[in-house]
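Between the sequences and the hints, there should be enough to build the whole structure, so can you do that?
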Amino acid sequence: MLHALIEKLSNFPGFFLFCRGLLEANFTVIRKTIAEHLASDPRVRVLDVACGPGAFSDLFPEQSYTGIDINPIYIEYAKQHYRGEFFVQDARRLSFPDSPFDEALVYGVLHHLSDEDVTEVARSLSGVVRRGGKVLVIEDIPAESHLNLVGHLLHWIENGHYIRPAEEYRRLLSPFFRVVEERLFRSGVCDYYMARMLAEPENETASSEPVGTA
Numbered sequence: 003m004l005h006a007l008i009e010k011l012s013n014f015p016g017f018f019l020f021c022r023g024l025l026e027a028n029f030t031v032i033r034k035t036i037a038e039h040l041a042s043d044p045r046v047r048v049l050d051v052a053c054g055p056g057a058f059s060d061l062f063p064e065q066s067y068t069g070i071d072i073n074p075i076y077i078e079y080a081k082q083h084y085r086g087e088f089f090v091q092d093a094r095r096l097s098f099p100d101s102p103f104d105e106a107l108v109y110g111v112l113h114h115l116s117d118e119d120v121t122e123v124a125r126s127l128s129g130v131v132r133r134g135g136k137v138l139v140i141e142d143i144p145a146e147s148h149l150n151l152v153g154h155l156l157h158w159i160e161n162g163h164y165i166r167p168a169e170e171y172r173r174l175l176s177p178f179f180r181v182v183e184e185r186l187f188r189s190g191v192c193d194y195y196m197a198r199m200l201a202e203p204e205n206e207t208a209s210s211e212p213v214g215t216a
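The opening position of the sequence shown corresponds to residue 3 in the numbering used here, with each subsequent residue numbered one higher.
Keep in mind that a hint or two might mislead.
Said to hold, decoys possible - Here are the computed lysine to any residue pairs in the SDA-like style, where the Cα-Cα straight-line distance is at most 25 Å: (1) Lys81 - Gln91; (2) Lys81 - Gln65; (3) Lys81 - Arg33; (4) Lys81 - Leu19; (5) Lys81 - Gly134; (6) Lys34 - Ser101; (7) Lys81 - Ser101; (8) Lys34 - Lys81; (9) Lys81 - Phe98; (10) Lys81 - Leu186; (11) Lys34 - Ile165.
It is worth saying that the hints were derived from the structure and are not from the lab.
Here you go:
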């Protein structure tokens, strides 16, 4: 019953952003991480995969940003409140035939997807990001501290059925992208894995740096 209630409340984008912002200190660490690794340059085309209500679109120039989400309610909210291009699309079947993106952001979606669906997302994304383009992945991992009761509760409430340790995300993504930097960090009560990747298969180049904790 609680899961069903959360699912209904998530269809109110403003409320969703408010609640999640309270738990993650207004996304301060997430926003800093994105700004650190992705370009704020009008010449660099950025795709925000599963952009939700578009909360991170303001980190990029309007003309360079494109956000997609499978939820039309979120996309409509994003169009009304943020600048940039927004489209309803399934991340497993991205369709941008005109020209590839230079960079992509994948935040907080893969932990909702099975291994098979993550593979489809990675394959689809590799087809719309130019070869050698940058991909930034930020995904929930199991709460590192047993004392982080709120973090454990949040993962249970939000239906993150596929929250994985860092090595599992790497295993699923490395056939399509080369990991060049990894680290673990906390945003509010949530623990995350971050990977800065390039759009080229891992096995074509040298191995990545080891995971470190921020």
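So, going through the hints one by one against the coordinates:
1. Under the criterion of a C-alpha separation no larger than 25 Å, the hint pairing Lys81 with Gln91 is consistent with the structure, at around 14 Å.
2. Distance restraint check for Lys81 and Gln65: the Cα-Cα separation of roughly 14 Å lies within the 25 Å cut-off, and the hinted pair is therefore satisfied.
3. Straight-line distance between C-alpha atoms of Lys81 and Arg33 comes to about 20 Å, which keeps the hinted pair within the 25 Å bound.
4. Between Lys81 and Leu19 the CA atoms are separated by roughly 15 Å; this keeps the pair inside 25 Å, and the hint holds.
5. Proposed proximity of Lys81 and Gly134 is contradicted: the alpha carbons are some 30 Å apart, above 25 Å.
6. A C-alpha spacing of about 28 Å is found between Lys34 and Ser101, which places the hinted pair above 25 Å, so the restraint is violated.
7. The suggested pairing of Lys81 with Ser101 holds, with an alpha-carbon distance near 22 Å, which does not exceed 25 Å.
8. In summary, the hint linking Lys34 to Lys81 is supported, as the alpha carbons are separated by about 23 Å, within the 25 Å threshold.
9. About 19 Å separates the Cα atoms of Lys81 and Phe98, which keeps this hinted pair within 25 Å; it holds.
10. For the proposed pair Lys81 and Leu186, the alpha carbon gap of about 32 Å is over 25 Å, so the pair is violated.
11. For the suggested pair Lys34 and Ile165, the alpha carbons sit about 23 Å apart, so the restraint of at most 25 Å is met.
Going down the numbered hints, you'll see the structure goes against 5, 6 and 10, while the others check out.
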